[in-house]
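4 protein chains.
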Amino acid sequence: MTDHTHEIAHQGDPGLDRLLFFSDGVFAIAITLLSIELHVPHGWDGSFAGLMNASWKMLGAFAISFAVIGVLWNAHRRCFLKMTRFTSGVFVLNLFVLAGIALMPFATSLLYENPHGGDAFLIYLSLVALTGVAQGLTYGYAAFVADVIRPRQHAMMRFSAFLMQTLMPGLCCGLTLLALGRAPLWIVIGLAVSLTLLISFRVFAAKRFGPAAVAA
Amino acid sequence: MTDHTHEIAHQGDPGLDRLLFFSDGVFAIAITLLSIELHVPHGWDGSFAGLMNASWKMLGAFAISFAVIGVLWNAHRRCFLKMTRFTSGVFVLNLFVLAGIALMPFATSLLYENPHGGDAFLIYLSLVALTGVAQGLTYGYAAFVADVIRPRQHAMMRFSAFLMQTLMPGLCCGLTLLALGRAPLWIVIGLAVSLTLLISFRVFAAKRFGPAAVAA
Amino acid sequence: MTDHTHEIAHQGDPGLDRLLFFSDGVFAIAITLLSIELHVPHGWDGSFAGLMNASWKMLGAFAISFAVIGVLWNAHRRCFLKMTRFTSGVFVLNLFVLAGIALMPFATSLLYENPHGGDAFLIYLSLVALTGVAQGLTYGYAAFVADVIRPRQHAMMRFSAFLMQTLMPGLCCGLTLLALGRAPLWIVIGLAVSLTLLISFRVFAAKRFGPAAVAA
Amino acid sequence: MTDHTHEIAHQGDPGLDRLLFFSDGVFAIAITLLSIELHVPHGWDGSFAGLMNASWKMLGAFAISFAVIGVLWNAHRRCFLKMTRFTSGVFVLNLFVLAGIALMPFATSLLYENPHGGDAFLIYLSLVALTGVAQGLTYGYAAFVADVIRPRQHAMMRFSAFLMQTLMPGLCCGLTLLALGRAPLWIVIGLAVSLTLLISFRVFAAKRFGPAAVAA
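Protein sequences appear in the order of chains A, B, C and D. Residue 1 is where the first sequence starts when you use my numbering, and the numbers rise one by one after that. Residue 217 is where the second sequence starts when you use my numbering, and the numbers rise one by one after that. Residue 433 is where the third sequence starts when you use my numbering, and the numbers rise one by one after that. Residue 649 is where the fourth sequence starts when you use my numbering, and the numbers rise one by one after that.
It is worth saying that the hints were derived from the structure and are not from the lab. Take the hints with a grain of salt, since some may be wrong.
To be verified - Derived PhoX-like pairs (lysine-lysine); straight-line CA-CA distance at most 25 Å:
#: 1; chain 1: A; residue 1: 82; chain 2: B; residue 2: 298
#: 2; chain 1: B; residue 1: 298; chain 2: C; residue 2: 514
#: 3; chain 1: A; residue 1: 207; chain 2: A; residue 2: 57
Remember, predicted model here, so these are calculated numbers, not experimental data.
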């Protein structure tokens, strides 16, 4: 039943199809351009150990950003999964998401050229968090303002989905980066608690207001 | 009814589908390549303020060009929305649009390396305006010469759409850049008046010759 | 009738669809990367005339290559228009076409960094001609060996299409470059005559063995 | 019959369609970016021989990597050919495949900047082999864990397909590179024997457990 609904969802609007092609293109280019900043280190002695010594920071930043863009792509897929029509508001908000994605290679290069004690972690984290917020607003606009998500769910379900889209990327990425960077314990714990609360709320909403609950 | 028409519009011609994939690819690459010119400033001290001081011009040019390419993509989407077939003329004119888009990253780098009193603003503006003209000609060719826009509208409607496609990008971008650059007031006012006249004409044509008016 | 056939042609094989997405992606990236070699000239004085003086060679090479890739894309579209299935042979030959396209930005940079009396024109021309040959072989393989072009045409029609695909890009591009470069008259005339013979043969074949002639 | 099955396979899930667009985008960009490292040699005298002398290593590495990415794309196409749904596990494993593809241009530049006696061959080979393993795991997950391959085949058939996907890229690429690099004979022979055993097992499985055998 659900599968059948998906099938129908995307087929009414060539404008939405093109928006998704365009967005997938931007994601694919940004994720591949991450590797364009990887250069053979000057005076490389040819050994694997030498490469790792000189480039582990670059390769680490590449790996983190690759995962981040991958996760954001998946969030983007979910966000547009049940959208039925192109609307200008969604287009404009989605443009902010794409701007965040297009800036990821730049933010990644900040990350590994970060001087000691610099703000690069914070800038990188802010970019991921803001991209998440833009994604959340795109979903929120589609669900509440333009009302183009079908089948339409209970407002509480839509609100929890909006909250997940908005806050997850920043929280997850923050947790990872802070854990890697040995941040003060209370910040890491604070983030983990927020994340747990967010997921609990989503699960609660799904139980209480989800299709199964409503049907029952 | 309208939605149904859209659905049919795109499905007759694989050639047109490929033209749209190809065009979306060029748009997506150009918009993402904008960020490739963003570099970590030499001797960056690691602070956010330091980054902004050194790079605000680059980031500003990035933001403007991102918005411009986004808007031109949306105009491109509208231009091809009701086209029913691939024709060679549309392909050739569309190639000029794509050339304009592909040159945007270069024009953006001119914009922020602009020496004092240089022509970079004018060159950038001309590129946007010419891309708009190429887009307008593409639509005009499709609507008047090849006659592949369906449902076919009154000639006055097609003419006003052609005028909008042709002049809007240049006028809007010019207005923004001039306002940012504190241009002489009379130029800004002149552009705003032209824009108002253009939109009024479009609204008038839609009322007088649009589908509703004809049906009445 | 013909339109209906097109519609059917592409819908049987997701493998062929993906091959076309992949190819369109390579074409779109190569055509956009042409502009990545355009740089603001060192010590630019900010004027349009200064930019043209310093960069007209680069901009000219960009324009020629943009047109060449556009034309080759259109030939690629025609080549695959009536293909019905993915076959490994077509995939491998198409890979050679894509390699030629991916090398175009490199060949373009050879073109404008060409020292006096160098071979850059010849290298560029050979690349375009070889890409055309690869395209022709792709079509020839599909039409004669794999036999996946539908509706199947008379062998003479297929042969003339194969010849056009193979020789046109090299002949046209050669004619343009040689005319621009003030080549010896007899070479230009030779190329023009070959081109005329080729087109005449195609028109003759279409009249004698085309669908209309066969039906009559 | 088989063709009809393909047709159905891909049409249930827009999520899977977007995953394939996204992946094709990454493949297309990586294969085109290979050529971005090709530069006009310093002090080029303009002759073809001069270009070849200075750049044959770069052009050779470009050709090998182009073929490798092409072959991996084809393996990716086969891997997803009969998949019916998007699943998160497939998405995550596919992300590792894409990371391997995105790193190919970097590995290629290692290959031709390889100092004498360096590990670049081994690093390059490991990357190709690991990408193959990731591809194999993607297929294995889809076939055995998520069970989204239709029509479902005998476990032995799925296992042999998984083994082919996993080991082929590394074996083939290793064989080529070692043959080119004049490796000790016993290594080349060892690889060739492994390859032969792998293919024999696949052929045996197809005969014994394939659709024809089961139907008989």
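Verification of the supplied hints:
1. A:82 to B:298: holds, 24 Å
2. B:298 to C:514: Given that 25 Å is the threshold and the Cα spacing comes to 24 Å, the pair holds.
3. A:207 to A:57: violated, 44 Å
Taken one by one, the earlier hints fail for this structure only at number 3.
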